[in-house]
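K.L.:
As a plain string of letters, each chain reads:
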Amino acid sequence: MSDVRVVLLHPDDNVLVCCGAGRPGDRVACDGESIGLRESVELGHKIARRDLGAGEDVIKYGVCIGVMTTPAAAGGHVHVDNMTSKYIRSHSRRRETREGTRS
Amino acid sequence: MKGYLRSDGRKGIRNVVLVAYLVECAHHVARKIVQTADDRAVQLIGFPGCFPNEYAFSMMRSVCTHPNVGGVVLLSLGCEGFDRESLAAAIAATGRPVETLVIQENGGTARTAEAGAAAVARIRAAIDRQPDVDMALDELVVGTVCGGSDGTSGISANPAVGRCFDRLVEAGATCIFEETGELIGCEEIMADRAATPELAAEIRAAVNKAARYYETLGYGSFAPGNAEGGLTTQEEKSMGAYAKSGASPISGLIKPGDVPPTGGLYLLDVVPDGEVRFGFPNISDNAEIVELIACGCHLILFTTGRGSVVGSAVSPVIKICANPDTYRKLAGDMDIDAGRIIEGRGSADDVGLEIFERVQRVADGAQSVSEALGHQEFILTYKQFEPIGPSCLPV
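First to last, the protein sequences are chains X and H.
First residue of the first sequence? That's 98 in the numbering used here, and the numbers climb one at a time after it.
First residue of the second sequence? That's 1391 in the numbering used here, and the numbers climb one at a time after it.
It should be emphasised that the hints constitute simulated quantities derived from the structure, not laboratory data.
Take the hints with a grain of salt, since some may be wrong.
To be verified - Some chain X residues close to chain H (C-beta under 10 Å, calculated; not the full set):
1. R102
2. C115
3. A118
4. R120
5. V138
6. V160
7. C161
8. I162
9. V164
10. V175
11. H176
12. M180
13. T181
Backbone N, C-alpha and C fix where the C-beta goes; we use that ideal spot for every residue, glycine too.
Using the sequences and the hints given, assemble the complete structure.
P.N.:
This is how it looks when you write it as structure tokens:
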């Protein structure tokens, strides 16, 4: 077990961004508490700052970047399997089937 | 800084000779001419299509009369739709030396390549006599683009470029950020920064246009690599990309080929107008870079997380690597290590200052990494645009 550095980009955010790769059980310091990672996450990926419910907005940079489709517990990976875009939905679905365009 | 004074009053930071093919059928001969010259300042650009297109013509005119360009050799097959006479006349009207070679009238590949090499040498000799002049920071136009974004882009390289943009705007320079399709979700925040309420309405309309356009295509500007890098949605990627714009007020909204009339921060709308006609707005990062150059950008700040290696013809590209792991893998392709922000070895302000200083050195003649490696990518495809609205520019 080790510590994974994360950044909180805005005080209103409900997700944290990992500054390095983490494994299950690794600890993340947040809001004076220590959260345990629930699964492996890579650099640049997001984890839940607190328990997030289905239908809840995901806040990063202090703004909504999408909505949860299934719940995630604090320390859980927040990504394509449990959240989706509020804008280009058809594209998001396609992307999840590994189609997409350029960056 | 030293620059090259052009007849329209703008100054260039490079003195490039362009060899421009006007249809794919003339590409090989143009490339042979550039290879024969074997000179970093002799560069290849072109438009591959045989059918005429107003946008492609105006982009070629803007690039061929860009302040970094000293002279041009045009390569035509002879039967293509491109209006070579008008392009040559537009270049000549700026006082730049220009020669047109038509392959069908010059005896084919070998003879035209030979004639082209001689034309390049003549133009080189003519523009090498041009004296350089002093150039100030407020005469500089800098564009920014991101490519191969991941979850680190929006927290390291992009905010650092934003800090650099703030410094440049404060010094009176012109800064351009772009890709309205990659700013979907940021329209209200951007509108709040617009210099006037009318401009705010134009910005909202431009992003809505982009959202509609991408919806019709069925894809956003989102690649599989973005998701592997931790980005989940278009609006998340947008917020990261948006950080490149810094915190200055937005002075105007321009379209490809529009040169900002004053210093300040401008948003470039790259999504075509009208019905979806020619496919994806920009098929790759270099298509965006070419549009920034057409708006007068002397150099480009390119942020990357996954790791892009591209440069560009005409204007130097400075690459800012967002991801520390990528930097370790591709250090030889990167100008700036912004991943150190992620690893706690510096702040966005520190890296922003480093970029600001690098911009001035590269503007003063130092080579960027992609320039030194010989990167001179260029791509131009079909598009269509309406002119910008009356509220888009500062009065």
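K.L.:
Evaluate each hint against the coordinates.
P.N.:
Consistency of the hints with the structure:
| no. | hint | result |
| --- | --- | --- |
| 1 | R102 | holds (7 Å) |
| 2 | C115 | holds (8 Å) |
| 3 | A118 | holds (9 Å) |
| 4 | R120 | violated (16 Å) |
| 5 | V138 | holds (8 Å) |
| 6 | V160 | holds (6 Å) |
| 7 | C161 | holds (7 Å) |
| 8 | I162 | holds (4 Å) |
| 9 | V164 | holds (9 Å) |
| 10 | V175 | holds (7 Å) |
| 11 | H176 | holds (5 Å) |
| 12 | M180 | holds (6 Å) |
| 13 | T181 | holds (7 Å) |
The structure fails to meet hint 4 from the earlier list, while all remaining hints are met.
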